[in-house]
Each structure stands twice: as C-alpha cells, then as structure tokens.
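Engineer: Read off the chains here:
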Amino acid sequence: GAVVSQHPSRVICKSGTSVKIECRSLDFQATTMFWYRQFPKQSLMLMATSNEGSKATYEQGVEKDKFLINHASLTLSTLTVTSAHPEDSSFYICSARGRLAGGPETQYFGPGTRLLVL
Amino acid sequence: AQTVTQSQPEMSVQEAETVTLSCTYDTSESNYYLFWYKQPPSRQMILVIRQEAYKQQNATENRFSVNFQKAAKSFSLKISDSQLGDTAMYFCAFMRDSNYQLIWGAGTKLIIKP
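Read top to bottom, the protein sequences are chains E and D.
At position 68 of the first sequence the residue is numbered 74 (the working numbering), and the sequence of numbers has no breaks.
At position 66 of the second sequence the residue is numbered 778 (the working numbering), and the sequence of numbers has no breaks.
Check the hints yourself; a few may be wrong.
[To be verified] Okay, derived cross-link-like pairs now, EDC-like style, lysine to aspartate or glutamate, Cα gap no bigger than 16 Å in a straight line: (1) E:Lys47 - D:Glu764; (2) D:Lys785 - D:Glu741; (3) D:Lys767 - E:Glu93; (4) D:Lys825 - D:Glu729.
[What the hints assert, rightly or not] From the derived model, a few chain D residues whose C-beta atoms are all more than 10 Å from chain E: (5) Met723; (6) Ala728; (7) Ser734; (8) Thr736; (9) Ser754; (10) Gln756; (11) Glu764; (12) Asn770; (13) Gln781; (14) Ala783; (15) Lys790; (16) Gly797; (17) Asn811; (18) Gln813; (19) Ile824.
To be clear, the hints were calculated from the coordinates, so they are not data collected in a lab.
Every residue gets a Cβ at the ideal spot worked out from N, C-alpha and C, and that includes glycine.
Just chain E, with the same shape it has in the complex (with noise of 0.2 Å):
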C-alpha cells in the first residue's frame, strides 16, 4: 500500500493565487523531505530538502521565497506556491525519506500534484 500521501493531486488556480501542497508519510516517521518538480518526458528536478523543525534548504535557482516549504511534524511537509503564474504550471512530487521493513535508507513517494496555473 502506498507509503507516502500527496494532497491535492490536481488543482488548478488562478495567475497571482496561492496554492498548498500537502505530503504526509503514511505509518512512518521521516525527519526528511523532499521536493521535485518534473517537467514532461524529463527526470526530476529537486527543489529543496525539507528537514522537521528546521529551514529547507533549497537548490539552486529555486526561489525560496515563492515556493515555501514548511515541515512542522515528523510527517508532515506542506509546499506553497505563492503568488502562481502559469510557468509555474507543473507536476510536482515529494518524498519522505525511510527504513521500512529493516530495510536500507530509502525515499518513498507521493503520487504528485499537477498544478496548472491559468
């Protein structure tokens, strides 16, 4: 069963809206975080690392100020976009990272939100 819940998985919103993300590790506590953003037939991209009870720390050319990253529990990260515009159209995708079954450090994943700004 899925690992890993990723809340909206589509919105659409208008240019100059805010929009959350929600991601939440599902039977596990993962003290790290992380954002993608992939763009169609690419790889994906990593925006930052979210760690509890600390700042994320962002990649570089991702502007920190307009996508926020909060990651106020153990299972529990939020991403906003702020103020949308359509470039920020997107599929985006988060992960917690996890041992499950005495198993080796692993990310699990959501199953993304596409994000379409009008």
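With chain E held as given, fit chain D onto it using these hints.
Structural biologist: Below, chain D without anything else, positioned relative to chain E:
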C-alpha cells in the same frame, strides 16, 4: 559530483521476453545506495529494487534483478518474463548516505508489446 547515465532513451520488447536496462554512474564515494524506480503513466514513482554498495550480492525482487559491478560503476536492471504492466519509464538513481539526496538518470522508456 555524482552523475548517473542511462544510455537507452527507449526500449521495446515482446511480452514474456527478458530485457536489460543499462545504468552507469560516477562517484568517488565508497558507501552509497543505488535504486531503480518505475514511473508508469499514472506518474506514481514506484521503487523497483535497491542495492547497497557494500553488498557484493546482486539484489533480486521476483522478476527483477540487478547486475551490480562496483568497479565498473555499472548497475543494470534485468526484467524477466516481461509483462504488459511493466510498460513505464524506468529511472536509475544514486543516493549518498551523507545527505540521502537522489541523483537521477534521464530515464529509459520501456514498452512491452503484446
């Protein structure tokens, strides 16, 4: 810096055949993890198989197995008795054990034909 290379943009095989996807990587680290993830049309990223670099034995998960050649920095995925549901993008990824970030290959689109 670590890099991951998948040299096959697309592959196509008949159902029930065996197919091997290639992956090479470059790193100076001694301890790391390697993964194959599958992304079907639903776009959900699904873990297929993982390998710890310190383990010499190749990982296997049912029809999926890897050929891990540490000296050659090669990590290929073999899918036996391929099924229609195996049709997906397959991504090879490298993880450092220092920050747990994944470095991704460009992906291989695998099509299983009936």
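Engineer: Give a verdict on every hint.
Structural biologist: We went through each hint and held it up to the structure:
no.: 1; hint: E:Lys47 - D:Glu764; verdict: 28 Å, violated
no.: 2; hint: D:Lys785 - D:Glu741; verdict: 11 Å, holds
no.: 3; hint: D:Lys767 - E:Glu93; verdict: 44 Å, violated
no.: 4; hint: D:Lys825 - D:Glu729; verdict: 10 Å, holds
no.: 5; hint: Met723; verdict: 15 Å, holds
no.: 6; hint: Ala728; verdict: 28 Å, holds
no.: 7; hint: Ser734; verdict: 16 Å, holds
no.: 8; hint: Thr736; verdict: 15 Å, holds
no.: 9; hint: Ser754; verdict: 7 Å, violated
no.: 10; hint: Gln756; verdict: 5 Å, violated
no.: 11; hint: Glu764; verdict: 5 Å, violated
no.: 12; hint: Asn770; verdict: 15 Å, holds
no.: 13; hint: Gln781; verdict: 19 Å, holds
no.: 14; hint: Ala783; verdict: 21 Å, holds
no.: 15; hint: Lys790; verdict: 20 Å, holds
no.: 16; hint: Gly797; verdict: 17 Å, holds
no.: 17; hint: Asn811; verdict: 7 Å, violated
no.: 18; hint: Gln813; verdict: 6 Å, violated
no.: 19; hint: Ile824; verdict: 19 Å, holds
In terms of the numbered hints stated before, the structure departs from hints 1, 3, 9, 10, 11, 17, 18, listed from lowest to highest.
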